[in-house]
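Novice: Listed below are the residues making up each chain.
2 protein chains.
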Amino acid sequence: MEFAELIKVSRIDNVRVRRPGKPAMEMTVAITGHHLILSNTQNNQDIGDREIWLLHRGILIVQKENDSPRSGTLCLKYKDLRTFYLDIIGPDNVVNLLSTLSSLSNVSEASSAYPFFYNHGFKGLEDGWFLFRPEEEYSKLLLKCENIWRVTKVNYEFNVCSSYGRLNIVPSIIGDIAVAAAAKHRIGGRFPVPVYIHRKDDNREIPLARGSYTVAGWRCTEDERLVAGIKGTNRKGFILCVQHEKTRSSVTAGKIEYDSMYPQWKRVNIKLPSLTDLRESMQSLTLACNDPVNEKWLSRLAASKWLSHVKEILNTACLIAQLIDKEEAPVMVIEPDSVDLTCILVSLAQILLNPDSRTLHGFEALIERDWIQAGHPFWTRNSPSNMEKETGPVFLMFLDCVFQIYTQYPCSFEFTERILVLLADHSFASQFGTFLCNNEKERAQCAVREHTVSLWSYLNQVEILSAQLNCLYTPNPCVIWPSVAPMSLTLWSAYFLRWVQDQKHQAYERKKITEIIERNKNAKIEAARLRKELDELQKEALDLGLIEVGEKQDEEEEGELEIVEPEINLHQELSPRGIKVPALGDNK
Amino acid sequence: MEFAELIKVSRIDNVRVRRPGKPAMEMTVAITGHHLILSNTQNNQDIGDREIWLLHRGILIVQKENDSPRSGTLCLKYKDLRTFYLDIIGPDNVVNLLSTLSSLSNVSEASSAYPFFYNHGFKGLEDGWFLFRPEEEYSKLLLKCENIWRVTKVNYEFNVCSSYGRLNIVPSIIGDIAVAAAAKHRIGGRFPVPVYIHRKDDNREIPLARGSYTVAGWRCTEDERLVAGIKGTNRKGFILCVQHEKTRSSVTAGKIEYDSMYPQWKRVNIKLPSLTDLRESMQSLTLACNDPVNEKWLSRLAASKWLSHVKEILNTACLIAQLIDKEEAPVMVIEPDSVDLTCILVSLAQILLNPDSRTLHGFEALIERDWIQAGHPFWTRNSPSNMEKETGPVFLMFLDCVFQIYTQYPCSFEFTERILVLLADHSFASQFGTFLCNNEKERAQCAVREHTVSLWSYLNQVEILSAQLNCLYTPNPCVIWPSVAPMSLTLWSAYFLRWVQDQKHQAYERKKITEIIERNKNAKIEAARLRKELDELQKEALDLGLIEVGEKQDEEEEGELEIVEPEINLHQELSPRGIKVPALGDNK
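Respectively, the protein sequence lines represent chains F and D. Residue numbers 1 to 588, in my numbering, belong to the letters of the first sequence in order. Residue numbers 1 to 588, in my numbering, belong to the letters of the second sequence in order.
Next comes chain F alone, as it looks inside the complex:
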């Protein structure tokens, strides 16, 4: 792709830039193949506002507003919720900039994206592309139960399922030929696979699995064997069947056959928001958020239904966790194509069940494993506006749900909500290749790993990483049970309101806590150093007979510096609240 052809104007001076909640500024606008650069020509502004680099890929909408013979206004809305109004002198400039930005933001080939052109200026300690290799991740997952499960290479060339990764886990008793046959019976070839094995104290192992709907019309013994293999020796399992408007009735119809095909699995239908629901909800929420003097704020927030969707999804994730942890029943989440709500649900359930996924490394691994490798179509979901119907804030909804759990368990996560905001932004538009393409097959075709930098390489640099750490983190080995009552859920203001609301004071509070903890550490080190020095001097004095033995020992006892962590134990397991477990007999 030759960007030069699309760029009809590369620089416009004296543009008045207006943003909600900020004073208007005179700026120069420059356009490159991937960026719109706003540079401040007045020198009286903060350094932060002197240059603003905006990726064209991040543009949600660009449109012309009022227009006069001499000048016009372009309204630029970005996916990260920022809005800019550019007042431009000269009608040609307006038309040319509009056309340039429309074309550049609608470039849809991943291979033309910025990550392929980005020269990173940092030395990552680790190459993020090799941080979460399926081989190693799976062997961690299967630890101690490698006789029950095995890693299959049946999809190594992406021939069995084009949207799964090269390696997948299947029950050991199922051969590759059976897996390939089962895949043919599932929409998009997305055959059932376990994503997490929950271990109870008594060494019982309960799998959480995912898969797409079966293709109606015929039975498939291999698929039935695969599903039975996932249940293993567990008494009963639950198939959580995600439904929304676009779910075809033919798929949901065959209930009776279903039950006979998959005995000892109970099917539970759960109605959850569709891609369209999420997109529309996000649109009305964004409109409400960008209207800071809006008197009807709460009504509009309610009408956007965003928090209702958060509630429904979080509630379902808690149900999954409850079935697995309390009922000790395997759960398989299915969805027509299993690339959206399934990703949210299986990863949220892991956040609740698995303390590792609440560490920074574990959380990155979770996103890599259950979103990127699992084929959530990041590229399509964040497409330019000309492909709107396939877009939707699926990953953002997941991050919001994590935020809600974090808010209720502020000491149980190794990271803070900062990383959630960062991930949201990079999923929309980024200099890194991590969220490029829709699945591993596409990534292999584009040679993403070879030609782009991984977001994890950037994130795992010491200074970047340490900014994400939660100074209040205390590892919590238990399953956590957030409240899903509507009044327990709050708007994620650090994401949705960051451009319209002053967040300085809350940031100050967090910074102050961090500093106090830092000073605490330093004071301890200093005390330890002094103690050592004193000991040496006392030893010397003792050797020279200057003080008596009793004296020294006395001191030592009294002077012991306690470096214990706080001992408030909140980690006793809490019972989940307000979630009804469907009984196995109660099959409607």
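Quick caveat, the hints were computed from the structure, so don't treat them as lab data. Incorrect hints may have been included.
Chain copies aren't distinguished; within one or between two, either way the pair holds.
[Stated by the list, open to error] Only pairs whose alpha carbons sit at most 27 Å apart, straight line, appear in this in silico DSSO-like list of lysine-lysine: (1) Lys140 / Lys200; (2) Lys524 / Lys539; (3) Lys64 / Lys389; (4) Lys311 / Lys266; (5) Lys236 / Lys140; (6) Lys511 / Lys524; (7) Lys22 / Lys326; (8) Lys200 / Lys504; (9) Lys524 / Lys512; (10) Lys326 / Lys236.
Chain F is already provided as a structure; the job is to place chain D on it using the hints.
Specialist: Relative to the frame of chain F, chain D by itself:
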């Protein structure tokens, strides 16, 4: 009053007690003149639930629910938002308990209230009744400008204004006879008085004053002179005229005369919620909060209008602060009887303007001065349900507004929101005399000071006080400007949702921060102790010639323990946002 006559049943066994969000319990109910005592007869419960003491004064509603020949249910709602359902066996028991609780909760004489019967078991360091004496409080307020203002004893016997305290501040140029004459021209005799003097860096002093509406029909030179005296040498002032539905039109009518009577004062009419608005808003908010599985939560929260009222009131307080601090114009807040919204507005404005009022002592002083002494009718506003029309959550609304400011400036308050919850509870029903009666005259008649304990005596005990302290407090000498955008305001969940929502994890976070700070302090003390010891030993060694001089000094330099507080300076003054200042000429 003989309580024995009203108590028709003093003990009922085997009562099943149900509370939202808690398991039902078998309990014994005992009734005394002031308390309903629920005692747990099962021994498997927490110690906290073993006995619940509930003041009859705290009852909002007691009513009979379903009824059968053998048993019945009493529903008990308390002003602190707790709800209890008592399932009682025996129809007589139900009727007798209902009648007993109805009578006892409707006792309206302050002199029969519990504080007169309460034997306190603690030794207060200070007697709270003498902590905030008007003499001393006023001399602090008038510091450096005692030639402009004076303290008058004209109301010493409560003859001039029955709801003001004995001492009041007036301009020095106005004699007592003129003050008494002015009082006759104001509803309830509530003549204009300054409540706070704002000092700018250039030593300019701008007063904030309060007063009731004038009595329409005639002019009063003394009142005009008094108002002119409050303006003093300032160029212009603003009369902020609080209006709501019940404001009589005759009062607001005389606009033209008004302007000529009080030259250089501009009148600004502000429509704010009435007592009825607040009461109804609170009722619908309470209903919504007690319905935890409610799907329409956000819509019901919006429909209650509570946060809209918070916004309107906070907005007006910011306007007052802005007029005083930015326009340097005196402000006089008037209201028909000046005992409700006026109290909220003048005290909120001080929280914004005066850093002292954000300390624990300063906040207590503010409540004592501008609520208790100023004659906010606490007793009537929290009357039993048979006097509902005069009730309303005025003080609670003030506390909620303080909570909103605290949330936005979490490091600028010496106290946390805990004290706000505590004050709300005590204002409704308490063992202390602080919130008894409606004004100082009534308190003098009942001899409240002589026969009851002050809440401040209790609160200022070291262990109680320290539990209220905000470990993140950093004195902020500036005027603070909270955002009043609807999206910046949140429901005060620690008050409104405390009985239905699990607040353990948030409490854990706060506790952990406090512990870390405590350990930091201890580590510093320990380091200082070790350093001292080392110094002594080194000195000894030096005297004996064991080490050289240079050695020791080297150590000292390197070993210096920094005990500096964090140096993030967020205290530069921020500009107030979104508040339109009415221009002096723009008089509509």
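Novice: Could you run down the list of hints and mark each one as holding or not?
Specialist: Going through the hints against the structure:
In the homo-oligomer, the alpha carbons of Lys140 and Lys200 lie at most 27 Å apart inside one protomer (16 Å), although the nearest pairing across protomers, at 65 Å, exceeds that limit. In the homo-oligomer, the alpha carbons of Lys524 and Lys539 lie at most 27 Å apart both inside one protomer (22 Å) and across protomers (24 Å), since each shortest distance falls under that limit. For a Cα distance limit of 27 Å, the shortest separation of Lys64 from Lys389 inside one copy, 23 Å, qualifies, whereas the shortest one across copies, 56 Å, does not. In the homo-oligomer, the alpha carbons of Lys311 and Lys266 lie at most 27 Å apart inside one protomer (24 Å), although the nearest pairing across protomers, at 50 Å, exceeds that limit.
Only within a single protomer do Lys236 and Lys140 lie at most 27 Å apart by alpha-carbon distance; the minimum there is 26 Å, versus 75 Å between protomers. In the homo-oligomer, the alpha carbons of Lys511 and Lys524 lie at most 27 Å apart both inside one protomer (20 Å) and across protomers (20 Å), since each shortest distance falls under that limit. For the homomeric pair Lys22 and Lys326, the shortest alpha-carbon distance between copies (20 Å) is at most 27 Å, but the shortest distance inside one copy (51 Å) is not. With identical chains, the CA atoms of Lys200 and Lys504 are at most 27 Å apart between copies only, with a shortest distance of 26 Å across copies and 43 Å within one.
In this assembly of identical chains, the alpha carbons of Lys524 and Lys512 lie at most 27 Å apart whether taken from the same copy (18 Å) or from different copies (18 Å). In this homomeric assembly, Lys326 and Lys236 come within 27 Å of each other (Cα to Cα) only inside a single copy, at 13 Å, whereas the closest approach across copies is 71 Å.
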